[in-house]
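**Q** The hints should help you fit chains B and C onto chain A, whose structure is shown.
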Amino acid sequence: MNTTIMLFLIQDGITNGAIYALLGLALVLVFAVTRVILIPQGEFVTYGALTYASLSAGQMPGTARLAVAMGAVAFFLDLMAARRSLGFRLVARAVAVNVVLPAIVLALAMWSAAHRAGVAVNIALSLAIVAAVGVFLYRIAFQPLAHTSVLVLLIASVGCHLAMQGLGLLFFGAEGQRGPPIMDAAFSAGSLRFTGQSLSVYAITVAFIIGLWLLFGFTLYGKALRATAVNRLGARLAGIRTSLSGQIAFLLASLIGAISGILIVPITTLYYDTGFLIGLKGFIAAIIGGLMSYPLTAVAALLVGTVEAFSSFYASNFKEVIVFTLLIPVLLLRSLAAPAVEEEKD
Amino acid sequence: MAARLPVVIFALVMAAIPHLPHMPPFWIVLLDNIGLSALVAMGLVLLTGVGGLTSFGQAAFCGFGAYTTAVLTTVYGISPWLTLPASLMVSGIAAVLLGLVTVRLSGHYLPLGTIAWGLGLFYLFGKLEFLGRNDGISGIPPLAIGSLKMIDPGTIYYAIWFSVLACALLTMNLLDSRTGRAIRALRRGHIAAEAFGVQTPRAKLIVFIYAAVLAGLSGWLYAHFQRAANPTPFGAQAGIEYLFVAVVGGAGYVWGGVLGAAIVVILKEVLQSYLPYLLHGEGQLETIVFGILLVGLLQLAPAGVWPWLMSWLPRQPDRKRPDTSLALPARARTAGLPNVLLQIEHARKQFGGVIAVNDVSFDVGVREIVALIGPNGAGKSTTFNLITGVLTASGGAISVLGKKLANAPPQEVVKLGISRTFQHVKLVPDMSVLENVAIGAHLRGNAGALASMRQIERVGLSDQIDQPAGSLSLGQQRIVEIARALCVDPMLLLLDEPAAGLRHMEKQRLAALLRQLRDGGMSVLLVEHDMGFVMDLADRVVVLDFGTKIAEGTPAAIKTDPEVIKAYLGAAA
Amino acid sequence: MSALLHLTDGHVAYGKVEAVRSVSLEIAGNEIVTIIGANGAGKTTLLNAIMGILPLKGRVSFAGGDLARFEIEDRVAAGLSLVPEHRELFATMNVEDNLELGAFRVPRAQAKTSFERVYTLFPRLKERRKQLAGTLSGGEQQMLAMGRALMGAPKLLMLDEPSLGLAPIIVADIFRTIGELRASGVSVLLVEQNAQAALKIADRAYVMELGEFILSGQASEVAANQRVAASYLGFTHEGESAI
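Protein chains in written order, with our numbering: chain A, 5 to 350; chain B, -17 to 555; chain C, 301 to 543.
Keep in mind that the hints were calculated from the coordinates and are not lab data.
Glycine is no exception: its CB is placed at the ideal position from the N, C-alpha and C atoms.
This list has only true hints and no planted wrong ones.
Think about it this way: if two alpha-carbon atoms lie no more than 30 angstroms apart in a straight line, the pair counts; the simulated DSBU-like pairs of lysine-lysine are: (1) C:Lys430 <-> B:Lys548; (2) B:Lys548 <-> C:Lys426; (3) B:Lys541 <-> C:Lys500.
Where chain B lies over chain C, by a calculated footprint (3+ residues, C-beta under 8 angstroms): (4) 333 to 340; (5) 437 to 451; (6) 464 to 475.
Bound conformation, chain A alone:
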């Protein structure tokens, strides 16, 4: 192998790894706050990417209608939950968040699809749509299960993945799509070519990591999220709404998923089920990070991306197998490193 190929593979690996890092961080965040292993993270990627691609192609994405429908269900659930204490403020808030907001987004999406709005508008709309889906997903599927075991949450999570992937096929069809690049600029350094797109991948990943660090380390809401992760009852006794924490975690996760999707859809063709595989790689990084450590997850993601780049060059048939098999020795090592911890939870 010559250095050019090697450098190229490393660059490719880091670009993919950066995306996996974003997804891995989101998984760690959601797991810490809600104990949900977020299998549908991949669907957020798909939805984000294909919503953006559809809008750019002047088509109305089905996800916008999904957001409205889920908002209606969430509205119903909110009313049911608060039926003993219905007040004007409560209903007004429920209407605003669950009905008005998604409706506005839907209207804007229709307008944008018809008038071919610019890249920035489409990105903003795609993010808004997927974020709404994410928050409502927590409200509808996971909030009622918040007190159950990790296993039950995981099974529910798989259920959500199945439903959302099926909906993805319904909305976007079996054909792959591509979206317009965010940035057209490109330059070369030595034998390496940097596209604006891959640079924005790096920039946004780094920005997100710093943003999360600032959020969790220095803001009250960030600390409240961490507190919910550490001790749910303790958080409630301090007056922190754990359901709100869960919704914020899902909001961040869906935003991260959608951004990842929007970042890669100009580079690769995405199908309705591509997101799942991409999400799995982020998942591997998150596992290596023990579903706990953010920095370790980010490093592991870069490693996964690089291993994948090299194995797809040398043994493309076995690309997935190699990445997954990598996991077993890592798991063993991590178990040996922290063996005597008692798991007191059921």
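**A** Okay, now just chains B and C, sitting in the frame of chain A:
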């Protein structure tokens, strides 16, 4: 045998179903699939619901069972019945090999590890030449008894459902046995189980193998039912689906596995056959609806449908009890014991930079009650953990009857006659008081239930014997832990804050019990904060502060020791 | 009736088992009330139900408002606070963050004065403010749990077994602080095994047995009751036989 009546009725109903007039063959096929799925789910109930080990890889074990018989019957022409033991063996051996790695994984790593090898094996099945790669193996002969060939779904039905019933009974018996209790104790963590001699890695491996063999049986039946085997039904998707089945039905219940199988198989079938007509849609409508229904079902009954249904039925009658008048073999007490039972010399424990126990020496004599007191974080519980082998000492020596423990594991320490309770109660909340206490008698073989009854009577909890341990107050749970520790028939009893949460009269009763035990020849080492209780009961008191022994002596001497007053008791005492 | 907390005919059940039956309770402003009783009598259950952790049947009003429709978080915001038996601290966060989160529902400006107040009550916490909560000693953890609750500026502080597992010298400290709280205008509902200490500091007391209040009154009267003395205090009054 009133308890078995529902099972007999169920067996009769299942036997009658194929003979019902106008029974559509389609429903028989469905029932066959339910039975196959139930077998795997039952293994998962034991592994995941009871033992707490979540596995996504069960489908791979079905694959081992199916491919073994497929190769042996098609290539070597061996009779299907002869391949049954081979199929079970191969699944079992695969489980041993994978299990040796898997059960060593802790926490979330374990289920994730099963995903990893589940995916790996799926790819392997599809790549191996002699397994027919992705096309698999076809032309597998049907099962046959004499001239009766089980070709149609209605005849193999009996083989499948006979297996389901037999395995269900076997599984329930296993759960009720000594091994079963050890397995049920696993879910609450390994420390308590190990303190009573349970070899936790072995117990985990046993459930792992058992679940794999059940899956292998299902795979063997599947191969002769479909008369073909290919990788698809043994992949990750199937592995996740088996877990669905167990969780939806109720992961802690044997019949939950069967019910879950029925729900999931029928649901999928109905959705696949009717939904396209109803909605005229294309795409994966059935997956969407299946996913949504699954989430809805979990919200309705998060612990599974089976326990949800059972909660509508009246409570079960009490179980049979062992006869307590029988004699129990007692521990052989060495005649002419030396005066010192437990000797701790310069014990030291360091966690990273923190020295939790620093050069502590003291001993416990025969027939003596010694109290270990000191502020929280003084190293009292750490000392307990060093004695019982939960932690290995960084230095010093601990010996029992003059014999050095040399960092023996908890399972060995308990064999020497040292048993303990825990500061944070470690009982299995959904097991009855009797079952929890019986874990203490793990090393006493089948006499366990009898020993447990005796000790529960002794501590005065006979009235609560059938209640789930989790429903008792914290104070009572501590007493249950003492009964469990007494089941070992110990020479030395280590009690970590036994009186916390007891009221005055209960404390007096506990003190009386401990004195009686001492007079019967037992020694007691206890950690306790209630100074009234300690000073009244103990023969000697050892005071720790910041990991160091600051005083030792009779209660009277300790009460007036200026250093103890300054560090611990304060002026008020 | 100007009671701060007013509970009438409260029932709490675990499934089909009633752990608390027909209990009525009243706490005025600036008052320390204690509930004593055997373990398993239902004291912790009652506190958890008042806080909203367990479902409570019965009427409960707090500071004039009906609590029935309030979630735990809203009760905190309304000025009701619980320091639970297991303390429920944020073990992997430092003392300061724990305290800051205690003031999650109060305005930022007020949180500042709350900090000062807590650090004055518990100078030890100020010394350790950058230390992780999980590494504190038992006594310091109890102080932190109380401090976190006080950060929310509660009108009523409910303490579940604050002395559990602590050295006698620390227990004396904690009880002194409880007395200081009353002086600063906070009412305290105290559930305590250490009946002697609890009755000494409380204004009024309730005695709970098998899920019901069997006796209530001024703390001094309750302490003088011979049955209470025999089963909770561990001595009999002179010249009288116990039970």
